[in-house]
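Protein chains in written order, with numbering that gives the first Met the number 0: chain A, 0 to 369; chain Z, 0 to 369; chain D, 0 to 369; chain P, 0 to 369.
Note that these hints are calculated values from the structure, not bench results. This structure is a prediction, so every number in the text was calculated from the model and none was measured. Hints are supplied without guarantee of correctness; some may be wrong.
[Said to hold, decoys possible] Restraint-style ranges between C-beta atoms, simulated for each label pair:
{"#": "1", "chain 1": "D", "residue 1": "Ser-41", "chain 2": "P", "residue 2": "Asp-186", "range": "55 to 65 Å"}
{"#": "2", "chain 1": "A", "residue 1": "Ser-314", "chain 2": "P", "residue 2": "Asn-215", "range": "31 to 41 Å"}
{"#": "3", "chain 1": "A", "residue 1": "Asn-364", "chain 2": "Z", "residue 2": "Gln-50", "range": "31 to 41 Å"}
From the three backbone atoms N, C-alpha and C, an ideal C-beta is built for every residue, glycine too.
There are 4 protein chains.
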Amino acid sequence: MGNTFGRAFRVTTWGESHGDAVGVVIDGCPPQLPIELAEIQSELDRRRPGQSSITSQRREPDSAQILSGVFEGLTLGTPILIGVWSEDARGKDYDYMRRLFRPSHADYTYQAKYGIRNWKGGGRASARETIGRVAAGAIAKKLLRREFGLEIVGYVRQIWKIAAEVDADSVTMTDVEANVARCPDADVAARMIERIDKARRDGDSLGGVVEVVARNVPPGLGEPVFDKLDADLAKAMLSLPACKGFEVGTGFHGIGLTGSEHNDAFYVDAGGVRTRSNNSGGIQGGVSNGENIVARAAFKPTATINSDQETVDESGTATVMKGRGRHDPCVVPRAVPIVEAMVALVLVDHALRQRGQSGSVGTVNLENPV
Amino acid sequence: MGNTFGRAFRVTTWGESHGDAVGVVIDGCPPQLPIELAEIQSELDRRRPGQSSITSQRREPDSAQILSGVFEGLTLGTPILIGVWSEDARGKDYDYMRRLFRPSHADYTYQAKYGIRNWKGGGRASARETIGRVAAGAIAKKLLRREFGLEIVGYVRQIWKIAAEVDADSVTMTDVEANVARCPDADVAARMIERIDKARRDGDSLGGVVEVVARNVPPGLGEPVFDKLDADLAKAMLSLPACKGFEVGTGFHGIGLTGSEHNDAFYVDAGGVRTRSNNSGGIQGGVSNGENIVARAAFKPTATINSDQETVDESGTATVMKGRGRHDPCVVPRAVPIVEAMVALVLVDHALRQRGQSGSVGTVNLENPV
Amino acid sequence: MGNTFGRAFRVTTWGESHGDAVGVVIDGCPPQLPIELAEIQSELDRRRPGQSSITSQRREPDSAQILSGVFEGLTLGTPILIGVWSEDARGKDYDYMRRLFRPSHADYTYQAKYGIRNWKGGGRASARETIGRVAAGAIAKKLLRREFGLEIVGYVRQIWKIAAEVDADSVTMTDVEANVARCPDADVAARMIERIDKARRDGDSLGGVVEVVARNVPPGLGEPVFDKLDADLAKAMLSLPACKGFEVGTGFHGIGLTGSEHNDAFYVDAGGVRTRSNNSGGIQGGVSNGENIVARAAFKPTATINSDQETVDESGTATVMKGRGRHDPCVVPRAVPIVEAMVALVLVDHALRQRGQSGSVGTVNLENPV
Amino acid sequence: MGNTFGRAFRVTTWGESHGDAVGVVIDGCPPQLPIELAEIQSELDRRRPGQSSITSQRREPDSAQILSGVFEGLTLGTPILIGVWSEDARGKDYDYMRRLFRPSHADYTYQAKYGIRNWKGGGRASARETIGRVAAGAIAKKLLRREFGLEIVGYVRQIWKIAAEVDADSVTMTDVEANVARCPDADVAARMIERIDKARRDGDSLGGVVEVVARNVPPGLGEPVFDKLDADLAKAMLSLPACKGFEVGTGFHGIGLTGSEHNDAFYVDAGGVRTRSNNSGGIQGGVSNGENIVARAAFKPTATINSDQETVDESGTATVMKGRGRHDPCVVPRAVPIVEAMVALVLVDHALRQRGQSGSVGTVNLENPV
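Isolated chain A (complex conformation):
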């Protein structure tokens, strides 16, 4: 259970990390949307390992196939099945995982929950599961761009204690992709890369913060009271592997302000009602107000490290897990397209819900009807 996200644009991912394939079924994508396989593949390429010196050197081409729901280049309105087949039989490398619980991984909790797990890898808890999310997100992004001109840009805000200031209103994907750290501030990015290299040499790992901005968001997205737009964004972020925190607008930092400092004053310009500041991060009362949505997700340091660790095996015996293999010392740069995908899934879901309820999206009628 729990493998489906969204209500109007429903995404169900499937597949274990070391099974035959992983992928996604999308139910609820509107018909007649032009989709090229290349649009999906390019997002998957941003996600996959082996892209750069600071990511894992495993080679996973992650070639997507579309098996249903698209016909002659257009969506049919029927379920879209996208799969990526495993090419690399890596079972042997993972034999040591058969019986022990890797610290701060999901081995133990899955075993506790199900009484069984695919011990050849992280199973559903692996980052490989996010392939389906990114594939679905590519379609969601396309739809949002075509329908509303809505644009989503994610980037690395912080690695370990190294943080960048980024102007969310102007940052572009080109800025982000300019370096392997995916941090648009080149100087800070260089320091991040250096620190990640050190972590690799130390057999250690690092976490960080991904910030994401959605621009040109129509007002009115988000459903009171439980399906607030920021509530669904929070769920989307925390559903990602290694994510331990979420904030929107000023988030935790806003606590140090008073109400008079924090409130966003309204004014009117040609574009309609606007706010002078955007401490709310584009969402008020759980509903988008037309300002840029700005949110952040905190990712803990990767649990896989190249050092010996105390742990327990399936028989309940204390043991030591040896560090081994080549792993990402920091997955945060690779998380950027995944975060963007989840934001796209949330926004497209709410746009379709709003269209169903109100017949239109983004139309603002200020005056009450009489």
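Given the coordinates of chain A, work out where chains Z, D and P should sit on it, guided by the hints.
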């Protein structure tokens, strides 16, 4: 839409702030659970305004009625309807709100979304909506306590820049209720109260952080991959009025650690598999591991302040909103029972889901079946 | 669980037959729909007992109250709570029901399922539960009428072995309400009424068939493959007390035809693509084709009869249940507004879903896009 | 939308008739269930065309692959992806379908709904979509058999006007599979086969009734009030291609009885509370009572016939569709395993829901708690 929370223990709240009544329908509460109205009322009393010098002086007795689903003191397994009727006709006080959009409230976004709103108050965006959540949470808490001995304690960790250190493993509800700030550290509490008093005198407002701990949580709660336990907690918190951030375990602070510092080593003791540290906050891979769940929610400073503010009215004309009335300069202490209620709703939902899938809750079978 | 119907227009009923109140919460009703309490009450009046000589003589005024979601005569887009309070304390009459299981009622199955039941009546299995459905249906009907001019007319097609032929294309509500049998054929109605009177004198009961037609239905409603329009209609009908069968179009009678006799040939007229016959009942492949939707629901004879019956009590002891009291010998005429309400709930739900997916409802683009 | 069935055992089918593959994702299957591919394949073999002289001669081996969710022969508790790849490129045969709407097929309604369709076949409206249902149903059957000894047997009750009497309490799958009509009465089966042969020679088609019995059903399955067990069965049946009617117990025939004839008297025997008759078809108040569940589904004559038919093309021009090709003159025998699969999906879903709510399935506590 979006007024329902949970899948197995489904809670639907209803009612506008200044309508006839507010309340909740609970669908999925197991049968034969003993419920006294007093158990619900005592939680509502913790939530309501007018409790203390630092909360709003409005008088809302908020007396609950149970209209269905309970028979001779036991739940029937049928929908439980709980309502609180409005006693105080305050329409006149809010007449100034008829046309203008209060800054950082939901007036504008609701108007943009629906083209109409109950202007006599915040409608569904009001904290009054949380009455239904707290009533449902009282039942969820009872169920969790009876079935698992599970205990949930929330408390104020920070107000403005004043933060307390609290031992989540030992703090009790008595500690929390010992002062009106609901901060278990009496010295820090005193400083918080003083600062809140100053905010009132300034016509200003403050935000803060509520921390919550769930103890004696059975392992195995949480559904991969989208309905992770922490993902649903994040959604639950962000669905609360004024909440702008969520974190579990080390959260945003964990980013400053490396993997070798952050990983929670497993060991075995009489109680089964345990972790030496609890940086994960009791959840790994989205599933509870039996350690205490520790999470935090950030609440921005209350949007209502007693100062003049620039804003816009429904005709799109710039105007100034005058400060007036008696409002909570800081709602964070009142948020404590609401946060607890939401945590209870998440946990009970996942416990029922786990019971449906696996036939039992909290049983750990370490070895794979053969 | 299971007290919610619909996905986009979500209806949750609550309340036991002999509890304090029964009612409904509607989540997903679009904003700005004008609603008068009288519109709801008039539908409830068609449903309630004591309307005529052939229905139960119990007096239940069933006065509805709207507690939320409507403001100054318009829906807010927020949950609409409608309740009907019980006025008649009838506990004593039902004391004999405390321990025995009435044959072909839900007493035994509820006890088996929950281990507890409100023995003072049928609880949730009572026809009284349908009050919430009819109230929600009144709003759904209003929305369908205003948005599409869509019209729903139900009527009694058969009582016991007495069947009427009715022209579904032309029958009006006035025809239906012209007699207490709610059968638009006056002669057949007279025979039905006579037979129902005899059943009452015999201490016995009768069942029947309600037919319903929806006219001016936009093409394109219904979601492949599980949420077909007729699948949801079937579920809606079978969810009604005493309903044991459903058919659409020719239904069970169509089996006696061959494909060449049964197929509905397409032709074109000013109104677009039409079918020469309507054996499909307005639905093909689970999606409305613009022809009138015609469906039927079979209701078994009422389980409550005024005769002695063999049964068992809660201790598992054989006993005899004495006939007593004044009950409807035939509830089928009262089922007419309930059936209409359920059809309205299905159609409005699918209309909102279609609007969300495709941005419009009822627009037919014949040619494939290129 | 609408491609998912079930709440606790969630089945999502995907794939167009003439696309690359069709299949299913199952979310919510409990862990540790032994599953062999052969168990799934044998059910698919009962469904596929080309089995016998009275079915289509198209050759579709329909070989299933399991891509996720099963590990070393056991379910993992994670999503199970099963696919069947298309082997036969039949695009050319269907070229005539590019522009015209086949009468009583879904071509027109899909075009009206989506503005696009995969014209190379029925797309999602094809019987080929049911492959995923049958595959999922095979797993559901296995689970029901292992957990409860629950057994489901379907069979052909009627073809055209030729009906059989079958003893639902004793009929076996061996009886059913004894002839190609899947009617356990050999004499009636012979007449059915003869009539189907005649229909083929006539270029015509026939419909019929499939009856299904579920034996050894635990009491207490089914959720009041909308998710009644029979309501979900009705939806399941009407979601099948060509199904136009559903009934449970006496269904439409029960209308000719009075209440005193129709009521099922309770008595007690060693097995607990039983009913003397089973006019209710094993379900009372929407909840199983432990008696055999008996239900029927009516299938209209197949829309595809080998005769010329009046129709319209995509440009809105009247045209004649020529009969051609080799098609099943009667799909009803092939519908038997599909009906069984849907019944299994409904029952397993309700069993898991009941286990979540009440902690056990089938335990009957007669006395109210005190």
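The hints, checked one at a time:
1. At roughly 57 Å, the beta carbons of Ser-41 (chain D) and Asp-186 (chain P) sit within the given window of 55 to 65 Å.
2. Between Ser-314 (chain A) and Asn-215 (chain P) the Cβ separation comes to about 38 Å, which falls inside the hinted range of 31 to 41 Å.
3. Asn-364 (chain A) and Gln-50 (chain Z) have their C-beta atoms about 39 Å apart, which keeps the hinted 31 to 41 Å range intact.
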